[in-house]
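Undergrad: Listed below are the residues making up each chain.
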Amino acid sequence: MLFPVKQNEEAILTDETLETLMQEEWLSEMGYLKEEYQKIPVPEQAQEAIQKGIQRAKEETEKVNRNVLFRKQKNKRYGSLAAFATLAATVCLFVLLQTNTQFAVSMAGIPVLKPVVEWMTGQEYHKDVYMDVKVAHLTGQIGNGLQDAIPLVELFEQDSDYVAVISAEIQRQLQQTDQKTELQPQFYEIAPNQCYYIDVDGNLVIVLEEYEMKPEFTIGTDVIASILK
Amino acid sequence: MEQEEKASYLQIEMLVEQTLMKDYTKLYRLAYQYVHNENDALDIVQESAYKAVKNCTRLQSPQYISTWLYRIVINESLSFLRKKRPEQVQWGEWDGETEDCYADLDLRHALMRLPEEEKTIVLLRFFEGLSFQQIAEILDENINTVKSRLYRSLQKLKQMLEEGGAVSCEAK
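Going line by line, the protein sequences match chains A and B. The first sequence finishes on residue 239 if you use the working numbering, and the numbering steps up by one all the way, no holes. The second sequence finishes on residue 513 if you use the working numbering, and the numbering steps up by one all the way, no holes.
Take these hints with a grain of salt, some might be off.
[What the hints assert, rightly or not] Calculated pairs, PhoX-like style, for lysine-lysine (alpha carbon to alpha carbon, straight line, at most 20 Å):
no., chain 1, residue 1, chain 2, residue 2
1, A, Lys-73, B, Lys-363
2, B, Lys-425, B, Lys-395
3, A, Lys-68, B, Lys-499
[As the list claims (entries may be wrong)] If you want a taste of the chain B side facing chain A, the calculated C-beta under 8 Å gives, among others:
no., residue
4, Met-355
5, Arg-370
6, Gln-374
7, Asp-381
8, Ser-389
9, Tyr-405
10, Phe-421
11, Phe-467
12, Tyr-492
13, Lys-499
14, Met-501
Rather than coming from a laboratory, the hints here were simulated on the basis of the structure. Just so you know, even glycine gets a beta-carbon here, dropped at the ideal spot from N, CA and C.
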């Protein structure tokens, strides 16, 4: 806001009162001042200054766009390969889960994977089941495929405010980074069905596509441990 | 969808550029009215054009472009003055060959003594001939607030004039 708002100042004024005041004789002098104002000489450089300002803004915008384009092309190039790998990994996982109960139990021991396993096997596994199996490389390969399989909401306890918890964490991360805020849209909170995937270390990674420079936010398991299913 | 967004973005950007080029004398004079110095006014105008194009996605509708440009110039001018003279923002002296005293001198000096926000409204209404609706858009204020602020400003001016020529020629 340009100026501070003053309270109650529009209490009594009517349009007629203002109109009458504006018609008063002494204000006719305003005409001279207006003429003088309109005669303020405008130097030739004024047009140039405007053009320079426009140019500067356009160059900066192009620079940003080039970076975004580069990122998009890169994604496209690896996109189909990643999709294939994801599909293959998902099929592997599915087969393993169906045929190997031990494996299913151990996979269910990883907090983020538990609902995946339960969904694929149609069985429930409980938190107290603990197996020391190193599956980090496998969870990594699952990658982007998971986000289509299970909505984000399914990862969390019913009635848990996971939107607020994750949003707060992203806010925190945004404040730490030196991302220029004017280039970024304001972040309020994630969508209930926000895109996500699980990274190599089994962490939840939220994808905010509108943050073109750095759209991925890793949410530490400690942050969401209490509300995970 | 993305294509559409991009098209409308480019359209708005183009409209902003066109309006800048069309209104540049107005924008320059407005800036000059605050800083009373050619180079400073040129800097303000350039910076305003930069910000306008840079932030044109924030415009909700093309119909607001010209009032929005006024607003950017006013904000730039005020922040320039604040940086230059942080202790207080002054209207600045009217310069030019005005040594010979016209009948309007008293009103002019009275205008100089108004607080910044009131002077801006008087200027937009009387010098730029803008409607209350437009002024309200520029200042991001309620239209009634603009009206009552103008009323208050005019009453102050009148009072200053009635008190016997607030300032006269020797003030120059």
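Undergrad: Now tell me, hint by hint, if it's right for this structure.
TA: Going down the list of hints, with the structure as the test:
no. : hint                  : result
1   : A:Lys-73 x B:Lys-363  : violated, 27 Å
2   : B:Lys-425 x B:Lys-395 : violated, 25 Å
3   : A:Lys-68 x B:Lys-499  : violated, 47 Å
4   : Met-355               : violated, 11 Å
5   : Arg-370               : holds, 5 Å
6   : Gln-374               : holds, 7 Å
7   : Asp-381               : violated, 11 Å
8   : Ser-389               : holds, 7 Å
9   : Tyr-405               : violated, 15 Å
10  : Phe-421               : violated, 14 Å
11  : Phe-467               : holds, 5 Å
12  : Tyr-492               : holds, 5 Å
13  : Lys-499               : holds, 6 Å
14  : Met-501               : violated, 11 Å
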